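Asker: Residue numbers (our numbering), protein chains in the order written: chain C, 1 to 205; chain L, 1 to 653; chain R, 1 to 288.
No lab work stands behind these hints: they were computed from the structure.
This one's a predicted model, so the numbers in the text were calculated from it and none came from an experiment.
Check each hint, because a few of them may be wrong.
What the hints assert, rightly or not - Partial list, computed: chain L residues near chain R (C-beta under 7 angstroms):
(1) Gly339
(2) Lys372
(3) Gln409
(4) Gly478
Where is the CB? At the ideal position from N, CA and C, for every residue including glycine.
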Amino acid sequence: MSETHAVATESRGPLEYATKDGQMKIFGFWVFLGAEVVLFSCLFAVYLAYLHHTAGGPTAHDLYEVKGFLIETLLLLTSSFTCGLGTHELRRRNKAGVLAWLLITLLFGLGFIGMEVKEFVDYVGEGATLSTSAFLSSFYILVGTHGAHVSLGILWMIAVMIQLGLYGINPVTARKAFIVGLYWHFLDVVWVFIFTAVYLTGLVL
Amino acid sequence: MENIKDFLLHDFFVTGEPMIYMADVAIILVSLAIVFVLTYFKKWKWLWKEWLTTVDHKKIGIMYIIAALAMLFRGGADGLLMRAQLALPNLHFLNAQHYNEIFTTHGTIMIFFMAMPFLFGLINVAMPLQIGARDVAFPYLNAISFWLFFFGALLFNLSFVIGGSPDAGWTSYTPLAEKGLDPGVGENYYLIGLQLSGIGTLASGINFIVTILKMRAPGMTLMKMPMFTWASLITSVIIVFAFPVLTVALAMLTIDRLFGAHFFTADSGGMPMMWANLFWIWGHPEVYIVILPAFGIFSEVISTFAGKKLFGYKAMVWSMIVICVLSFFVWVHHFFAMGAGPAVNSFFGVSTMLIAIPTGVKIFNWLLTLYKAKIRFTTANLWALAFIPNFVIGGITGVMLAVVPADFQYHNSYFLIAHFHYVLIAGTVFAVFAGLHYWWPKMFGHMLNERLGKWAFWIFVIGFNVCFLPMHFVGLMGMTRRLYTYPADLGWTPWNFIETIGAFAMGVAFIIMVYNIYWSARYGERDTTGDPWNGRTLEWAVSSPAPEYNFATIPEVKSLDAFWEMKKNGEVEKWRKQPLEPIHMPDNSYRPFVISVLFFIAGFGFVFEWLWLGVIGLIGVFLCLALRSFEKDEGHHIPVEEIERTERAAGRL
Amino acid sequence: MVKKALKSLMLFGLSIFALTGCDVPVLQPQGPVAEKQFHMIIWSSILMLFVLLTVFTLFGFVVFKYRANRANDDDYEPDLEGNTKLEILWTTIPIIIILLLAIPTVITIHDSMKNPSPDKKPITIEVTSAEWKWLFRYPEQGIETVNVVHIPADRPVHFVLTSAGAMNSFWVPSLGGQMYTMPDMKTELWLEADKPGRYDGRAANFNGENFAHMTFTVVAQKQADFDKWADKVKAEAPALTMKEYKKLLKPGLVGKKVYSSYPAELEHASDMDMPGMKGGEASEHGKH
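The following block holds chain C by itself, in its conformation from the complex (with noise of 0.2 angstroms):
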């Protein structure tokens, strides 16, 4: 295992990549963003067959509104780009760069989380609970994965930060802060599923 932790010689390339170590952490955080994928279509799957099993209860119609999942996805795209920004300062070797879009990337994930946690709770307050019927069993099963995701996105960040800021920019920490934000920018390819099959399906059809 000598080979996988030795730097390649003149790697002007992305340090994430330099070590056979990082390359492979990377693929492997790519093969499971796939079983993700599965993961997400099971939960999109089931959504849709339950979407009109409303059991006299509550239905798409009734609690979704626009305003608040259109700012809920103008934050989590937003952050998508800023996290993009941090990968880009990652690359120029630029610590207080990364760390300072990593945070905006983060804040902006928070605002996210808590206007989702407003949602559900303004729904459980309008008698729209779990247990009232599949479609809502559905619905808080895949939104709420998808804002478990974040959130433990947000934890994994701010580690992944304080990382950067102990030891600096090395190919182990630009490899954490590569996949973090490989993973940020998977949930947020999933948010743009969920804003279409879940809330605008909702109001349309």
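Model the placement of chains L and R on the given structure of chain C, informed by the hints.
Answerer: Chains L and R alone, transformed into the frame defined by chain C:
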């Protein structure tokens, strides 16, 4: 106080069953014995350092196999209890509730806690060696996979003495498995034990893919990999795409039961048949997960003991890829009779028939591997050879089951039970026994006894056929599965009685196998060369047992059957004389063990719906994740002197 | 011609089996639906037997002829790699076999979802599975029976099935294959008995403790006898009240029962509106 006593006596401990009390006593005695032996021989530190905190794939593999053998015992005991109850009509050796719990745990344990870990154990032991690597891509994650399996299995197994076993079948169909019809914690054990174990499986799938694609020795292109490695790769791809579906299904049913959701309930808009679909979308690829590595093992064993190249390498690879893809498109065949329309049933009937074709291609390639060979009938090879005719019986009943109108008669009858036991036992179980005998010397440095092995083989294979062949007929006589008893006037009795005899014969064979393990540990012939079978693949190039670092120097691979070719061309000595360098190895870690204990605690909490305990356990898990993130583990180096010493002791320098 | 010959061979083999006195309902069809399924079983067995014999013969041959300790091993060819022609052969022949099987399968699938005897007038009977009993409702006669169902022989019966509890499966092997019953959903099964007789039925999908005892009897009668029986039930049997119905649905075994009528609320139950079933809760059946 009364409440606590009441809870303990009625809901917590399983009471009122003599067999359970005996099991309680056995568990306590065995645990005390283990503690005593470890203390007396002062082996606690050794256990911790060498096994509980190891990240070495070879040791992890051995632990998987030991656990799987223990689970084979438990699942087999379940099977024998069932067969004893069914030997004659109207017996009440087991009542209905017992029987229902036993068939549930039998199926669940055999698939999740015996077949998969056994195969994963063999993949762990052999695959990195076969590709010329020093370990898997993520050794720490590998350890987590094992311990999550171990504690998931432990949680599941705890159920029969604490709280009560699940009793809705290994398929756990809703609404039977919902709280309304199945209150109590048994079903929760099923859902959460499998969820824990499943996380480990997914992690292994990812680990093996990255290992095989990124860590092969220089020169080993994909089409020069051993067939067992190919099988492991394709299996891992299936795992990555199938296991998340099980994760979702288990989670949804858990949330239904614990939080009153309506994913699979019969009211408030839920659809019980949603569970069946999700379960089998995972479930069918799952059976290919347990058969493809078996096919890989057979390819290795058959070609080695034929002294001949595997026939049709490319076809063998492509057939596995086709099986992998098709396996995701056949799931409805598990419930043709659930009211689907003719178009749906036709599609899935035809797709199921199609999947027989690549499997058939493999059978013929194995047969042609034996053509113009020099076949040695070692125990390992006997298991592999017996697979061919026995599995084909299972395969053809599979095609018969795919004939949808006929399936409406076979479905859920003993004909179905016969089919899947023929493919699972003649496929997976024969394979793991073959693999055990084949790779045993590589794991432990000594051989398993051939004579004992052959006795066990013949008794098992004959017993297996005596047990399962009659099931085809008794199914056609109208006997459905999962019946705890049957009436005397239907003519089912003689067949059931014969089947029970066969089952007990398999039990006897298992005892002989266990004795073989014990006997061989004490008196078995040592493997001094590392290559007891005149092998073809790289694992036979290292000493037995393999050294910690696997290869002193990574080989340069030029062809398929790399080691065979090296031996043929006289290149082995040259390779062994290459200059040595210090070898970097990962450090042990306590955390995979600890994180799994925390998951176990959390799981236990959720099983009993003590959410506070579940949350505490999960917080512990997150803390471990954070600790890992902040760890600056650089591993350690094995110095050249130590490598030299090891290689010299193995007679290589 | 060959098919007929092979079929006779198969039947000969089976009759030996039957001589032992064995009752093998799946292989002794008593109606057109079971008969069609039996034909598919025979046909698939013949095709699969061909595969089995091929593999077993090849296997026996190579394992014996190429054993290591044979006298003359000049034919040992360790580097034999493969043969594309053979690969094509043993891919194509299985494809042909599958086609020979798949085409009649698809045809029979479609046939079995229709009236097996279109020239005869079908009778509709509604089936409800509960824990651990079978309820039969006869909309044309207005009566209800439990754990026994009378049908006119030589007439197609259109069963409409549902469940008042767990998922189950309705199976009368002598008359044909099974069909699942699911709560809040409707499934359909066509069966027909050629002649009068008693045929065993049982539950075929596990649903808990007394699953093994959830059997029922199908009594096929000549049309005139069936009508006489229905009239007698109508005149003499007690009525099924809603209270009695709810008691029936409670978990347990109840034996055979007949009722001269059933409550009006349970009419059109096959339209999936069953207020009495889930404690009054109206469940939404999807608009899909």
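Asker: Does the structure break any of the earlier hints, and which numbers would those be?
Answerer: Hints that this structure does not satisfy do not exist here, as all of them hold.
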